[in-house]
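Student: Using the sequences plus the hints, can you model the full thing?
As a plain string of letters, each chain reads:
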Amino acid sequence: MNRCGVPFWLAVCSLALSLAAAVSWLAQPWTGSLSPQLSALLYGGTTALALIAVTRICVRWRRQLAQGKHAIQGLLARPEHDFQDEKPPTISLPADHPWRDVLMHVAERYHSLAHRLQESEDARAALQAQLRKQAAEHERASLVLSSLNVPVLVVDEYGELVQANPSAERLFNFNADEAYRRAIKNITRCEQLLDLLNDTQRRKSHTTRQEEIQLPGPDGMPRWHEVTACSFTSEAAKEAEALAASDSGVLAHSQPSQGAVVVLRDITSQKAAQQRYAEFVSAVSHEMKTPLASIKAYVELLVDGDAEDDETREEFLNVINSQTDRLHRLIDNVLNLARIESGVVEIHKVSQPLNSILTEAYETVKPAAEAKNITLVSALSPLYLPVLADHDQMLQAAINLLSNAVKYTPEGGTITLRSRDLDGQVQFEVEDTGVGLSPENCERIFDRFYRVKKDTHMASGTGLGLPLAKTIVEDMHGGRISVRSTLGEGSTFIVTLPSAAELG
Amino acid sequence: MSYDILICDDELHILRAVEFKLKRAGYSVRCAEDGGKAWEAFQAQRPDMLITDLQMPVMNGFELIERVRQADEGKPSIPIVMLTAKGYEMACRELAEQWGIQAILAKPFSPREVVEQVQAALAAQVS
Numbered sequence: 001m002n003r004c005g006v007p008f009w010l011a012v013c014s015l016a017l018s019l020a021a022a023v024s025w026l027a028q029p030w031t032g033s034l035s036p037q038l039s040a041l042l043y044g045g046t047t048a049l050a051l052i053a054v055t056r057i058c059v060r061w062r063r064q065l066a067q068g069k070h071a072i073q074g075l076l077a078r079p080e081h082d083f084q085d086e087k088p089p090t091i092s093l094p095a096d097h098p099w100r101d102v103l104m105h106v107a108e109r110y111h112s113l114a115h116r117l118q119e120s121e122d123a124r125a126a127l128q129a130q131l132r133k134q135a136a137e138h139e140r141a142s143l144v145l146s147s148l149n150v151p152v153l154v155v156d157e158y159g160e161l162v163q164a165n166p167s168a169e170r171l172f173n174f175n176a177d178e179a180y181r182r183a184i185k186n187i188t189r190c191e192q193l194l195d196l197l198n199d200t201q202r203r204k205s206h207t208t209r210q211e212e213i214q215l216p217g218p219d220g221m222p223r224w225h226e227v228t229a230c231s232f233t234s235e236a237a238k239e240a241e242a243l244a245a246s247d248s249g250v251l252a253h254s255q256p257s258q259g260a261v262v263v264l265r266d267i268t269s270q271k272a273a274q275q276r277y278a279e280f281v282s283a284v285s286h287e288m289k290t291p292l293a294s295i296k297a298y299v300e301l302l303v304d305g306d307a308e309d310d311e312t313r314e315e316f317l318n319v320i321n322s323q324t325d326r327l328h329r330l331i332d333n334v335l336n337l338a339r340i341e342s343g344v345v346e347i348h349k350v351s352q353p354l355n356s357i358l359t360e361a362y363e364t365v366k367p368a369a370e371a372k373n374i375t376l377v378s379a380l381s382p383l384y385l386p387v388l389a390d391h392d393q394m395l396q397a398a399i400n401l402l403s404n405a406v407k408y409t410p411e412g413g414t415i416t417l418r419s420r421d422l423d424g425q426v427q428f429e430v431e432d433t434g435v436g437l438s439p440e441n442c443e444r445i446f447d448r449f450y451r452v453k454k455d456t457h458m459a460s461g462t463g464l465g466l467p468l469a470k471t472i473v474e475d476m477h478g479g480r481i482s483v484r485s486t487l488g489e490g491s492t493f494i495v496t497l498p499s500a501a502e503l504g
Numbered sequence: 001m002s003y004d005i006l007i008c009d010d011e012l013h014i015l016r017a018v019e020f021k022l023k024r025a026g027y028s029v030r031c032a033e034d035g036g037k038a039w040e041a042f043q044a045q046r047p048d049m050l051i052t053d054l055q056m057p058v059m060n061g062f063e064l065i066e067r068v069r070q071a072d073e074g075k076p077s078i079p080i081v082m083l084t085a086k087g088y089e090m091a092c093r094e095l096a097e098q099w100g101i102q103a104i105l106a107k108p109f110s111p112r113e114v115v116e117q118v119q120a121a122l123a124a125q126v127s
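So the protein lines, in turn, are chains A and B.
Per this note's numbering, the first sequence runs over residues 1 to 504.
Per this note's numbering, the second sequence runs over residues 1 to 127.
Take the hints with a grain of salt, since some may be wrong.
[Unchecked claim] Below are the SDA-like pairs computed for lysine to any residue, each with C-alpha atoms no more than 25 Å apart in a straight line: (1) A:Lys296 - B:Leu105; (2) A:Lys296 - B:Arg30; (3) A:Lys133 - A:Thr233; (4) A:Lys407 - B:Asn60; (5) B:Lys86 - A:Ile320; (6) A:Lys372 - B:Leu12; (7) B:Lys86 - A:Ala273; (8) A:Lys372 - A:Thr324; (9) B:Lys86 - A:Tyr277; (10) B:Lys23 - A:Glu308; (11) A:Lys407 - B:Cys31; (12) B:Lys75 - B:Gly36; (13) B:Lys86 - A:Val334; (14) B:Lys23 - A:Glu315; (15) B:Lys86 - A:Leu327.
[To be verified] Partial pick of chain A residues on the chain B-facing surface, computed with a CB cut under 10 Å: (16) Ala297; (17) Ala307; (18) Thr312.
[Said to hold, decoys possible] Some, not all, of what chain A presents toward chain B, calculated at C-beta under 10 Å: (19) His286; (20) Met288; (21) Lys289; (22) Thr290; (23) Leu292; (24) Ala293; (25) Tyr298; (26) Leu301; (27) Val319.
Treat the hints as calculated values from the structure; they're not laboratory data.
Values in this document were obtained by computation on a predicted structure and should not be read as measured data.
Note that the Cβ used here is the ideal one computed from N, Cα and C, for glycine as well.
Tutor: This is the structure we're talking about:
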């Protein structure tokens, strides 16, 4: 009752008074004969009754109105999670409330709508989450693809490019965005690659095929690639296939082939390494067979008794002896080179004076030089030249250079060994007055088994002495070896090494 | 008159061994240290037979044989025996057929076998 406002009560009172006035006015014909007291009582009673009746009705309406409002407010104020429940809500209205059925119906509809809205909201959120997940996955896959330094192409079932990474763009020289959905045969003209792709796509079952294919590199030079083509069936192709199957025969002829992912791996360096290895083995066996051929020939001459006098027999034995030494040297050099390259050989670098290594090499080679009447000059720097070097290996390199000079310097020639300080580096050189080298030979002189053909009669070298010196100086000690030469006048081999003083 | 045989090899010990063996077998032998010198010797006097190495400076064995065969045209071709350390890597039969080489001996070879091949080749030519 306290919730009813003043205007409401004023209206109720005025309505009651009006009613009373109307009743008294209408009852005038019958109340005229009554005493004024009785009339007043009658008017008063009637008015009071009317007033009470009207008030009660108004109060009940007001209560029902408040109950209805409360129920509607209750319905609207329900928390969202309540709608997840499929059960409709209960309405807190008395059983005789006139709005009860209507409100129950409204509540049910409202609940049903809200429940469906809630469901679609949940579905939308789930879809959004899935979409975000897929976008992240796609981004990750794209990132992986583009960061791969192997070219990757994706071709659909119609032979059109649908994806390519930057490596592929560089290899085939195209822009992936512009080339999207372009026929693959417009991107590469390599018949072998197109055939491989075609063959992979035409297969009924999923297949992976691999071939070694030559493609032009960035500089136009052909490079070897191991090409792997892996077929796949796209969703669109699966649908088309299903349609073809249901429409039996009608679309069967236009059944698409499979898509394919093509991955190319540059194997040029492996091929070159294989080639180098094969050439190395071939060259080693050739070099070994040469002294072996002499040994076998002279042994046979001796066995057959072809050498009739002691002098000839001694000559033959000397050949066998020298050729055995040559074979031994060759095997040692091959093993040494292989051990250095494979990292098997232990390197003990210590700071030491370069001059003492050079003096040791000088003393080692001196007898051979004297035997050929060659003057071996030692012109070493008076300065202390420290190098961080493996003593045995650096000595080997110096001996190889000096022996080489002795071999290719005619009798009566001169070989000079020098050393010097060179602005933070140390240098030594072996200068000879030998046969010299042509510019072409200067370039190839450090190649394995490369021997200047016209001079092979001068020395029974192994073709590995200079390559070994180069490996020791450059790969093992971080130095540099070079040659300066004039054909017919002589050669100078120069070795530059980091100074141990500079290295600290 | 003994047969004149030209031997060509840049490996002097091999050259000397073959020369020694053939001379003992009664042949007249001339030696050349490379293909160029062999070609000069061939031009100076046509030998009855050629024994040559394959890998040689100045002019290799095949170049030498090609010139010899060109010079041979119109005349009965001389027998040729090839000595090589690359024996296993070559398609010997095809090459022998292509150049009319009687034998390809792989190094290390037997000097005895060289003499046998020379005798067989020269005998076949006479018959």
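Student: Mind listing which of the numbered hints don't hold for this structure, in increasing order?
Tutor: The structure conflicts with no hint, since it agrees with every one listed earlier.
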